[in-house]
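If you read the sequences in order, they're chains C and X. First residue of the first sequence? That's 3 in this note's numbering, and the numbers climb one at a time after it. First residue of the second sequence? That's 3 in this note's numbering, and the numbers climb one at a time after it.
One or more hints might be untrue.
Which copy? The list can't say, so a pair holds if one copy fits it or any two copies do.
[As the list claims (entries may be wrong)] Below 25 Å or equal to it, Euclidean Cα-Cα: the simulated DMTMM-like pairs (lysine to aspartate or glutamate) are:
hint, residue 1, residue 2
1, K158, D102
2, K23, E120
3, K40, E72
4, K92, E77
5, K23, D102
Hints are computed from structural coordinates only; laboratory data are not their basis. Since we're looking at a predicted model, the values are computed, not measured.
Number of protein chains: 2
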Amino acid sequence: MRSPVPDLIHGLRCLSSILSKAENHCGNRKIDPDALLKARLYPDMFNLTRNVTTACDSAKFTAARLSQAEPPRYEDNEASFAELRGRIAKTIAFLETIPDAAFAAAEIRDLAVPLSPEGTARNGRTYLIRFGLPNFYFHLATAYNILRHNGVPLGKRDFLWAS
Amino acid sequence: MRSPVPDLIHGLRCLSSILSKAENHCGNRKIDPDALLKARLYPDMFNLTRNVTTACDSAKFTAARLSQAEPPRYEDNEASFAELRGRIAKTIAFLETIPDAAFAAAEIRDLAVPLSPEGTARNGRTYLIRFGLPNFYFHLATAYNILRHNGVPLGKRDFLWAS
């Protein structure tokens, strides 16, 4: 399997850039950062902070499980935009330690696919395309949607391409 | 390049299933379907209907541009949950006409990547992984988020696996 690390890092860099724009927006408009960091689209959905840490963990576990690397543990105690960008940076630094060759056998290695119905093929390829990537993009898009819903000026280009 | 058609069809089937649940929710709670079909997260964002048609078009154009198939034109006149599921079904039927072999040369074929900064590699692989798939998942996630924001009972399993 081709390493998914470049795609995961690309998405995390877009997220980091989006968070910087949100933080600047708070500064410009005298908005308490917590108004965005703790915002959510519905009471039982994750807030912005947890969508960011979950996107990081989705990238970390996707790469670690496929490459059989040992994933680092993080404490989930981020409480500011700067700390969330730090979490992203730590995650990227971990991803960068995994060599492309570590994914060589991932496609066909036996791997359970979270939340999947019975009968789903149990291997690295299914894990990546039916869980790892869609779940990663889900949390990136939800972080973006929470910020747009709260008036932060962002566009599709910010979601697709870090600036 | 491996055909992206199975992944696109899988995502569209999840979306169709989510729309059925939303329609049932309207029936159960005496909600005017337009309250959901025209809902959006912010005034200048797409509403639910347009996120669904855009997800369909994202799948259609991603597959068509990579395989050099001629994409069908649709009129964007869907006004009900049933019509949106019809749009999804038409899109899936088109995707199913594209043979795997049509993607054989797609990876390295010259292809511009929408919204990309100058210097971005211009080829089919970059088109798929930096625009086609992230943009497709963005509109699936935003459709899901609009419905969750409006109280439709859905979970991550609905996003990942059609039921």
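ask   = For K23 vs D102, is the C-alpha pair at or below 25 Å within one copy, between two copies, both, or neither?
value = neither (32 Å within a copy, 41 Å between copies)
query = How do K92 and E77 come out at 25 Å by Cα distance, when the copy is not named: within, between, both, or neither?
reply = within (12 Å within a copy, 47 Å between copies)
request  = Evaluate K40 and E72 at a C-alpha cut-off of 25 Å and name the case that applies: within, between, both or neither.
outcome  = Neither. Shortest intra-copy (30 Å) and inter-copy (46 Å) distances fail the 25 Å Cα cut-off.
ask   = Which holds for K23 with E120 at a C-alpha limit of 25 Å: within a copy, between copies, both or neither?
value = This pair counts as between: shortest inter-copy Cα distance 21 Å, intra-copy 42 Å.
key: K158 and D102: within-copy, between-copy, both or neither at 25 Å Cα   = neither (30 Å within a copy, 30 Å between copies)
In summary, the numbered hints that this structure violates are 1, 3, 5.
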